[in-house]
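Novice: In the order they appear, the protein sequences are chains A and B. Reading the first sequence from the start, the letters are residues 519 to 672 in this note's numbering. Reading the second sequence from the start, the letters are residues 6 to 137 in this note's numbering.
Among the hints, a few may not be true.
Unchecked claim - Some chain A residues close to chain B (C-beta under 7 angstroms, calculated; not the full set): (1) Ser585; (2) Ser589; (3) Thr611.
Claimed, not checked - One side only, chain A facing chain B, incomplete, derived with CB under 7 angstroms: (4) Thr523; (5) His547; (6) Gly575; (7) Ala583; (8) Ser584; (9) Asp592.
Derived from the structure by calculation, the hints contain no laboratory data. All values derive from a computational prediction rather than experimental measurement. The beta carbon of each residue, even a glycine, is placed where N, CA and C say it ideally should be.
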Amino acid sequence: MTGKTIADIPMNGRFDPRLATQFMAGAGHNGFLGSRYADHGDDWVELTLDWREDLVGDPSSDVLASSVVISLLDIACSLSIWTKLGEFRPQVTMDLRLDYLRPSPRGEPLFGRGICYHLTHSVGFVRGIAHNGDPDHPLAHAIGTFIRVGDRLP
Amino acid sequence: MTERAILPPYALALEMVLDGEYEGRPRIAMPFANKVQGRPGFLHGGAISGLLEIAAVAAIQAELRKRGDEASFKQVNVTVDFMRSGLPQVSYAAGEVIRMGRTMANVEARAWQDDPAKPVAIANMHYLMKRG
Numbered sequence: 519m520t521g522k523t524i525a526d527i528p529m530n531g532r533f534d535p536r537l538a539t540q541f542m543a544g545a546g547h548n549g550f551l552g553s554r555y556a557d558h559g560d561d562w563v564e565l566t567l568d569w570r571e572d573l574v575g576d577p578s579s580d581v582l583a584s585s586v587v588i589s590l591l592d593i594a595c596s597l598s599i600w601t602k603l604g605e606f607r608p609q610v611t612m613d614l615r616l617d618y619l620r621p622s623p624r625g626e627p628l629f630g631r632g633i634c635y636h637l638t639h640s641v642g643f644v645r646g647i648a649h650n651g652d653p654d655h656p657l658a659h660a661i662g663t664f665i666r667v668g669d670r671l672p
Numbered sequence: 006m007t008e009r010a011i012l013p014p015y016a017l018a019l020e021m022v023l024d025g026e027y028e029g030r031p032r033i034a035m036p037f038a039n040k041v042q043g044r045p046g047f048l049h050g051g052a053i054s055g056l057l058e059i060a061a062v063a064a065i066q067a068e069l070r071k072r073g074d075e076a077s078f079k080q081v082n083v084t085v086d087f088m089r090s091g092l093p094q095v096s097y098a099a100g101e102v103i104r105m106g107r108t109m110a111n112v113e114a115r116a117w118q119d120d121p122a123k124p125v126a127i128a129n130m131h132y133l134m135k136r137g
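Construct the complete structure from the given sequences, taking the supplied hints into account.
Specialist: Quick look at the structure:
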């Protein structure tokens, strides 16, 4: 554990979700998941991870654990807020809802896209989708809120 | 049934174990480790959600066993409310089947560290029940 946070990454201007993802991928839960940067826009970030045996939620079908989908969308949604804002600010997830349309099959890469559709001084409103490569064929939809926690993390 | 049998690879990878009971329902424990850490020194929200989902599934399985019901089930959705930061220590979770009918089940799962009355997060899940 380095003790460094995203706030310590030199960004030279606007918040860069690619740099932030690279930084986060090295350790912790994101490192365990193997999540990587895929793409981003002004108010959205997409991450991806590969199917792995130890991420399986149901050994009878080998589909990914639904919690892996939550984790990936939680990270992508969090990044989408900083991306829309253009800078990092300390925040925590207030709530997150996921609707599972279908499972993520064995061997398929998982993509999670977080979109910040509204931002206030204190709250980031997000939605997200998870898919296996075709965003028009989603496997989960998410909606949630993140709350700013001040300049010092609790 | 052994402890490991009810826990999927994802739960085992995060070193979750069936750890006795909480109010008559299965209690799942998860140690703190780098692989469940979010920002330095705190649990990742995704890992907390994972613990809640595993506890919810264990609660449904226990309820089905109690009823002698052989139904299978599939998760439809989950809403997680995060209440406190998860600290670098062991976390616990237990699910409660609020209602299980012919077609669906409502489950609530609670995660805590020192005191169940001070939850780290609470989740509500809906499951589709499948029979025959």
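Novice: Against chain B, run the beta carbon of A/His547 and see if the smallest gap drops under 7 angstroms.
Specialist: holds, 4 angstroms
Novice: Taking the closest Cβ pair, is A/Ser584 under 7 angstroms from chain B?
Specialist: holds, 6 angstroms
Novice: Taking the closest Cβ pair, is A/Ser585 under 7 angstroms from chain B?
Specialist: Check passed: Cβ of A/Ser585 comes within 3 angstroms of chain B, closer than 7 angstroms.
Novice: Is the interface hint satisfied for A/Ala583? The criterion is a beta-carbon contact with chain B at less than 7 angstroms.
Specialist: With Cβ-Cβ at 4 angstroms, under 7 angstroms, it holds.
Novice: Return the status of the interface hint for A/Gly575: holds when the least beta-carbon distance to chain B is below 7 angstroms, violated otherwise.
Specialist: A/Gly575 check passes; min Cβ-Cβ to chain B is 5 angstroms, inside 7 angstroms.
Novice: Should the interface hint for A/Asp592 be scored as holding, given a Cβ-Cβ cut-off of 7 angstroms against chain B?
Specialist: holds, 5 angstroms
Novice: Minimum Cβ distance from A/Ser589 to chain B below 7 angstroms?
Specialist: Hint holds; A/Ser589 Cβ to chain B Cβ min 3 angstroms, cut 7 angstroms.
Novice: Restraint: A/Thr523 near chain B, CB-CB cut 7 angstroms. Satisfied or not?
Specialist: holds, 6 angstroms
Novice: For the hint on A/Thr611, just tell me whether its beta-carbon gets within less than 7 angstroms of chain B.
Specialist: Hint on A/Thr611: holds, closest Cβ of chain B at ~5 angstroms, below 7 angstroms.
The structure agrees with every numbered hint stated previously.
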